[in-house]
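Can you make the complete structure from the sequences, with help from the hints?
Now for the letters of each chain:
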Amino acid sequence: MYDAPSLGAQVEQQDIKISAKKVQVYYGDTHAIKDVDIEIESKTVTAFIGPSGCGKSTFLRCLNRMNDTIDICRVEGDIILDGEDIYDKKVDPVQLRAKVGMVFQKPNPFPKSIYDNIAYGPRIHGLAKSKADLDEIVEKSLRRGAIWNEVKDRLHAPGTGLSGGQQQRLCIARAIATEPEVLLMDEPCSALDPIATAQVEELIDELRNQYSVVIVTHSMQQAARVSQKTAFFHLGHLVEYGATGNIFTTPQDERTESYITGRIG
Amino acid sequence: MNDNHIVSSFDRELEQIQAHIMKMGGLVEEAILDASKSLKNRDEELAEQVRNADKAIDALEELINDECIKLIALRSPAAVDLRVALSVMKISGNLERIGDYAKNMAKRTSVLVHMTPVEGARGALRRMAREVQLMLKDALDAYIQRDVELAHDILARDHDIDQMYNALFREFLTFMMEDPRYITPCMHLHFIAKNTERMGDHVTSIAEQVIYLVTGSMPDDIRPKDDHYKPELHIAD
Amino acid sequence: MTDTSHSSAVPTSSLYAHDARTKKRNAAEARFKAYGMVAIAIGLIMLVTLMVTIFGKGLGAFQQTFITMNVELLESKLDKSGTRDLEKIKKVSTFGYAPIIKGAFQTTVDAEGIETALKTKDMAKLLSKSAASQLRDFVIENPDKIGTTVEFRFLANSRVDGYLKGRVTRDSIANDKNITSAQLDFVDQLRAAGVLFKTFNIDFIIGADASDQRPEAAGIGVAMMGSLFMMLVVLALALPIGVAASMYLEEFAPQNIWTDIIEVNISNLAAVPSIVFGILGLAVFINYMHLPQSAPLVGGLVLTLMTLPTIIISTRASLKSVPPSIRDAALGVGASKMQSVFHHVLPLAAPGILTGTIIGLAQALGETAPLLLIGMIGFIASNAPTSIGEGLLSPNSAMPAQIYEWAKRADPAFYERAWGGIIILLLFLVTMNTIAVILRRRFERRW
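Protein chains in written order, with this note's numbering: chain A, 1 to 265; chain B, 266 to 502; chain C, 503 to 949.
Some hints could be false.
Claimed, not checked - Below, simulated SDA-like cross-link-like pairs (lysine to any residue); rule was C-alpha separation at most 25 Å, straight line:
1) B:335 to A:116
2) C:839 to A:113
3) C:822 to A:116
4) C:839 to A:123
5) A:112 to C:848
6) C:822 to A:160
7) A:90 to C:840
8) A:106 to A:160
9) A:131 to C:642
10) B:335 to A:219
I should point out that these hints are in silico values taken from the structure, not numbers from a laboratory.
This is the structure:
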């Protein structure tokens with residue numbers, strides 16, 4: 001017999017991008033996230049899976065402080081991005097969000113032209129010095145969003161006129177136009193058909209070369225297809241976190257196993 | 266862990282496949298017993314029966330394979346379910362091979378019936394076949410009960426089979442050196458012994474599948490090797 | 503393994519035959535539809551009745567009876583010095599013009615060959631009491647015409663006007679000292695000769711109100727200007743204040759007991775009777791702040807207070823209707839809260855905000871009660887304001903108040919003008935609502 005590499009071994013060890021320690025999230029009196037410790041690696045796709053209401057989206061939204069917009073939401077514990085606590089008083093959430101981009105469940109392009117959708121982020125962050133600069137950023141982002149070829153002839157058509165899958169890729173392109181370091185995706189394919197889903201998944205796989213991608217998904221197959229690391233959340237706890245290959249073949253925790261084999265909702 | 270899937274038809278399909286494996290296992294056990302019995306009793310009719318029964322085993326293997334493919338395609342099983350599907354496919358393959366060896370034993374029996382009996386060897390072969398059949402039964406029990414300990418026990422017992430084979434090998438060698446007329450029957454008997462030993466290997470493989478199924482990983486040291494095996498006596502598979 | 507039989511099974515119940523339950527449900531549904539149609543029919547009948555009444559009674563106000571005469575503007579009477587000095591011409595009062603008009607009337611009657619027993623004095627009574635001032639105004643504007651003969655159109659008396667419109671009949675004048683049957687005969691003769699006729703009257707739309715004695719000269723134009731200036735004040739104050747307030751409440755304010763209280767109070771304010779705002783305006787703006795009485799500025803301030811809750815409520819509703827995904831998207835690319843609101847939410851809410859504002863303005867336009875309290879009512883005979891400052895600060899009336907005022911007066915000729923005013927007011931409201939619809943259509947975008 002030869003020594004076969006274990007399923008988890010194909011993941012190269014990467015630097016830690018985000019490290020969360022003892023994170024607690026409360027919605028009013030509800031304790032939504034309990035004691036979550038996780039280390040998210042750079043240049044890796046990390047998938048959060050778990051049943052509805054398990055807190056995976058909530059935790060994702062903690063990573064770029066989108067939860068700040070909800071008055072009753074309270075976050076405790078440390079979330080360290082590149083050695084800096086993002087919940088520190090000195091951190092401006094707006095600056096953070098430029099660094100940690102987000103793509104949402106429903107494609108939500110602005111009701112503006114495709115060009116303006118992409119250009120918006122760079123404009124408000126002053127990334128472009130001239131119109132030519134901006135044109136370049138737009139083209140580069142659309143190319144990286146794998147949608148350039150489909151829209152290059154109609155950059156000034158409304159972004160809302162695209163198909164669902166194109167809209168979502170437009171949103172991804174918009175998110176990467178501000179040169180983020182981490183890309184958070186909250187069920188990015190739940191509103192898409194299988195072909196569009198495949199295109200987005202292909203895109204996610206390419207994005208892995210430059211970004212740290214965190215994706216929340218309800219589709220375990222999707223998590224299995226796109227991610228290198230998988231975290232399973234259940235009732236606000238991070239139950240299991242490990243290489244995707246291991247999670248999907250030999251999960252260590254019974255709850256994980258029950259969930260991925262379809263024994264609990 | 267909750268034993269039942271939310272989709273109950275998934276459970277039914279898994280049970281169906283495993284029922285087929287058990288049925289197949291039963292047929293194979295019977296084939297081993299019958300083949301060794303026909304050898305011992307020089308019962309050509311029984312041997313013929315064993316040869317015919319193999320068709321049913323082959324058909325079951327095909328059925329199980331089809332069911333597994335369908336299960337994987339339609340249900341996208343993960344974790345333990347995936348391991349069930351994979352182990353079932355492998356086990357059915359192993360069982361089919363064991364069935365083939367039993368059939369081969371019966372075929373050789375039909376030839377041996379018309380030759381001078383080799384004293385002593387048939388009893389030892391029967392014991393060996395009996396031992397393999399018991400191991401198979403235990404392996405199937407271990408599978409049904411997801412019993413890792415029993416499976417490890419089977420791995421250990423395969424060593425005994427190897428020993429029995431080595432003993433028989435030396436015995437046949439002696440016979441053949443004593444009297445060249447024994448060469449043909451002894452060659453047949455040797456092949457039977459070798460095949461029985463191979464059956465043991467397949468049973469071991471089944472036991473390994475049980476361990477994989479339960480723990481998610483193959484046993485670390487695959488089968489204890491027989492260090493006393495003399496290199497010159499090692500006959501290639 | 504699957505044994506699906508394709509033999510068509512005998513249905514347990516036929517789909518062709520309706521069971522009792524289905525019949526009952528269908529009947530209930532049909533009944534409900536019938537109720538709805540009856541309700542709409544009643545509404546339509548009411549509307550048609552209203553429209554027929556308003557237009558039937560009010561359209562007459564847009565027509566007026568005139569008498570055309572050739573008037574010789576005698577230099578000897580109007581400009582004795584012959585210098586055409588405006589100051590001197592102005593010194594000639596309307597009494598000075600009366601003989602000229604009388605003479606002109608007699609000349610015209612003679613020229614047309616009308617035979618009548620009426621004296622010139624009685625003939626002149628057919629003219630409006632403002633006839634002399636009409637002519638005087640003309641002369642002061644055109645002093646060079648003195649000494650020539652001009653064709654001039656005089657307003658006829660409201661009785662004559664009523665006679666032509668059917669309001670005044672020979673029966674109804676039995677006890678009327680202002681007109682006699684003989685005069686009506688003369689009117690018929692004049693009419694036959696083409697000297698007296700009924701035609702479109704622009705002065706009703708652009709003119710000022712007139713005294714009790716001269717309903718034929720009354721117009722709604724100045725009150726319209728008053729309304730317009732009030733609307734300007736309301737728009738300039740209520741829109742920015744309302745939008746700012748609702749944006750803060752909707753997007754920035756924390757959800758706590760204070761914002762809840764404010765919210766409830768805004769909703770309550772929307773339901774406060776307008777007269778209460780009038781009293782408030784009287785107490786605060788006039789008695790305390792000493793702003794001029796009857797001024798459109800004060801009226802506008804009062805109406806602003808009244809319109810604000812409407813604008814705030816509709817603005818908040820349209821801000822709420824902007825999908826949160828747009829806000830998320832903006833925040834997700836690193837926009838600040840304010841950027842997300844101003845760059846994305848506000849443009850999307852704009853059609854709703856504009857619609858709400860216009861509806862609020864329309865409401866304010868039709869409001870009468872608070873204006874009564876701050877004195878924007880009564881006889882305002884001044885001419886149209888010439889500057890914005892004057893428009894805001896000089897006493898004026900407003901369209902609904904003017905209509906109320908006319909409806910109050912004794913002469914039935916004013917009653918007709920009240921209906922006419924209502925038509926104009928309605929046209930204004932319809933125009934504003936049309937603008938609201940067009941704006942909504944125009945700015946509406948899909949997201």
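If any of the earlier hints don't hold here, list their numbers in rising order.
1 and 9
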